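Engineer: So the chains spell out like this:
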Amino acid sequence: MQDDPPVAAHAPDAAHQGQQHPISLYLKVWGLLFLLSAMSYLVDYMHVQGIVRWTLIILFMLLKAGLIVSIFMHMAWERLSLIYAILVPPLVLLVLVRIMTIEANYAFWTRAIFMGGGG
Amino acid sequence: MAQGIAAQTHSDREVIAPSLREIAADWSADQEVFRHTHWGKAMMWIFLLSDTFIFSCFLTGYMTMRSSAVLPWPNTAEVFALVIGGQKIPLILIAIMTFVLISSSGTMAMAVNFGYRRDKRKTAALMILTALFGATFVGMQAFEWTKLIFEEGVRPWANPMGAPQFGASFFMITGFHGLHVSCGVILLLIIASKVARGHYDTAGDYSAVEIAGLYWHFVDLVWVFIFAFFYLW
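Chains as they are written, first to last, in my numbering: chain A, 1 to 119; chain B, 1 to 233.
Excised from the complex, chain A in its bound form (with noise of 0.2 Å):
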């Protein structure tokens, strides 16, 4: 138990001597955020319609979403303890939006058929 795992060797304790990350990496993630934010502010400005839009809405979101978790918040670096009890949890959310997705779909005929489309 107490010798320290193979992986810290990679992963510097970062409660006990903090993470020393070259400045230009965050300049490098800065960038490309922005690059990314420009890319899907295009998506809209070239009216990009259907599933390329959603499609490559949800890309550029899910690249940005990792950029800044995995390097401004440091998850990359930190033990696979902590990355998975903080992003396991969230993956359940996924049962409630299909649930609500048929929810939705109840609430929009109900509405469409039973009130004359309005309500």
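Don't take every hint at face value.
What the hints assert, rightly or not - Facing chain B, from chain A, some residues (calculated, C-beta under 10 Å): (1) 21; (2) 29; (3) 33; (4) 65; (5) 68; (6) 86; (7) 103; (8) 107; (9) 108; (10) 109.
Treat the hints as calculated values from the structure; they're not laboratory data. From a predicted model like this one, the values you see are computed outputs, not experimental measurements. From the three backbone atoms N, C-alpha and C, an ideal C-beta is built for every residue, glycine too.
Please arrange chain B on chain A, whose structure you already have, making use of the hints.
Structural biologist: Okay, now just chain B, sitting in the frame of chain A:
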């Protein structure tokens, strides 16, 4: 345990990822799972996890309302357009807000880095710059709200442009996010002044900067999702 690992064959070590073995070791020691992590940082992560659920509930609620609305949903590109130099540019206000918030995340990341180098002046300066970006963001949001409330007549229960659910979603989601940014600005200013006064030098522990940074990056992270789902969708 060290003996157990030593007894394993070489091929076993390659098959079982060391990180997975590390998880087993961490969780089997139950109350010591986060012992390698600063307690404040672990607590901040757990707070952010709970905040993730709150914002996800808002966004899921928005999804439900939008897809069950029978009246047309307003076109956000036009609603949030600005006239600059006689030309109407769609969604430009939100794009600028996005760039401002991303820039604040960049300066915050560098502040954390200088914090670990014990560079008081640069850390405090970058944190104050981050807070300024944050305040700019909130200011632009106030402008956006004013425009929507007084010029377009949008209310949480009504919307002259179509589906009334638009107002409810907009004010709840951006309002709650704006509240987070405002709290973040206050937190950053407090920590920055402590850094500048040398408060953390006595113990030599600059973790507070990183913890404040985690919160700030999370606020930026939430905006990424709001930008995608509410403004671009």
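Engineer: Less than 10 Å between beta-carbons is the criterion; does residue 103 of chain A satisfy it with respect to chain B?
Structural biologist: 6 Å, holds
Engineer: Does the nearest C-beta of chain B fall within a distance shorter than 10 Å of the C-beta of residue 109 of chain A?
Structural biologist: Status holds, d = 9 Å.
Engineer: Tell me if the interface restraint on residue 33 of chain A is satisfied: Cβ within less than 10 Å of some Cβ in chain B.
Structural biologist: 5 Å, holds
Engineer: Was the hint right that residue 65 of chain A lines chain B, CB cutoff 10 Å?
Structural biologist: Check passed: Cβ of residue 65 of chain A comes within 5 Å of chain B, closer than 10 Å.
Engineer: Measuring from the C-beta of residue 86 of chain A to each C-beta in chain B, is the shortest one below 10 Å?
Structural biologist: 5 Å, holds
Engineer: Does residue 108 of chain A pass the interface check with chain B, least Cβ-Cβ distance below 10 Å?
Structural biologist: Since the shortest Cβ distance to chain B is 4 Å, the answer is holds.
Engineer: Checking hints one by one. Is residue 29 of chain A an interface residue toward chain B, by the C-beta closer than 10 Å rule?
Structural biologist: Hint holds; residue 29 of chain A Cβ to chain B Cβ min 7 Å, cut 10 Å.
Engineer: Using Cβ atoms only, decide whether residue 107 of chain A comes closer than 10 Å to chain B, and label the hint accordingly.
Structural biologist: 4 Å, holds
Engineer: Given residue 68 of chain A as an interface hint, is its Cβ closer than 10 Å to any Cβ of chain B?
Structural biologist: 5 Å, holds
Engineer: Taking the closest Cβ pair, is residue 21 of chain A under 10 Å from chain B?
Structural biologist: 7 Å, holds
Of the hints listed earlier, there is not a single one the structure fails to meet.
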